[in-house]
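K.L.:
Sequence:
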Amino acid sequence: MFSIRAANPEDASAIAKIHVEGWRTTYQGIVPDSYLASLNLDERRTRWSAALKSRGRVLVAEQNAELIGFIDGGPVRKPVEACDAEVYAIYLDVMARRQGIGTALLSELARNLKKEGFESMAVWVLEANAATRFYERLGASLAGSMQIEIGGVLLTAVAYRWPNLGSLIANPAR
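For the sequence shown, the working numbering assigns the number 174 to the last residue and increments by one with no breaks.
Among the clues, some could well be false.
[Said to hold, decoys possible] Heads up, simulated DSS-like pairs for lysine-lysine below, C-alpha to C-alpha not over 27 Å straight-line:
no., residue 1, residue 2
1, LYS53, LYS17
2, LYS53, LYS78
3, LYS114, LYS53
4, LYS115, LYS53
5, LYS115, LYS78
6, LYS114, LYS78
Hints listed in this document are in silico derivations from the structure and should not be mistaken for laboratory results.
Based on the sequences and whatever the hints tell you, model everything.
P.N.:
Structure (structure tokens):
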């Protein structure tokens, strides 16, 4: 069984590790290998340490006193079809995938954002990422696309949106 709680600054190392490993496993074959190899755990730890001191919306999933995933979100950064909130990042330890943990994290983030007055949410994801099916299964609809550069390669990122956060809270798994 797992639990979800608000992240604290002491979680920075575990979040950084999940983040770097998540990139390396999720984007293998999509993002250049040289870019994935260049991801620096110490740099991510420093970034997450600073972020956890300044933002209160990062949630972590924990199992047997070990962090197994996280989600970060807040106000939308790049406009997406009438969305006021955005998932900035969601990553799980490879062994924690396909167990409902990502769905639970997404639902809890939606619940927290709704309490703050947000109504809708978007997420940007690389088009080639298999997570697109995860978002579709949870009721998100395609809302846009853009080209981004990662490691010297142009890739397509797509935006998915949930027009009503209540749908993720009331019935997260469809």
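K.L.:
A separate judgement is required for each hint: does it hold in the structure or not?
P.N.:
So, going through the hints one by one against the coordinates:
1. LYS53 x LYS17: 18 Å, holds
2. LYS53 x LYS78: 23 Å, holds
3. LYS114 x LYS53: 22 Å, holds
4. LYS115 x LYS53: 21 Å, holds
5. LYS115 x LYS78: The given pair, whose Cα atoms are some 22 Å apart, holds under the 27 Å limit.
6. LYS114 x LYS78: Within the cut-off at roughly 19 Å; holds.
Of the numbered hints given earlier, the model fails none.
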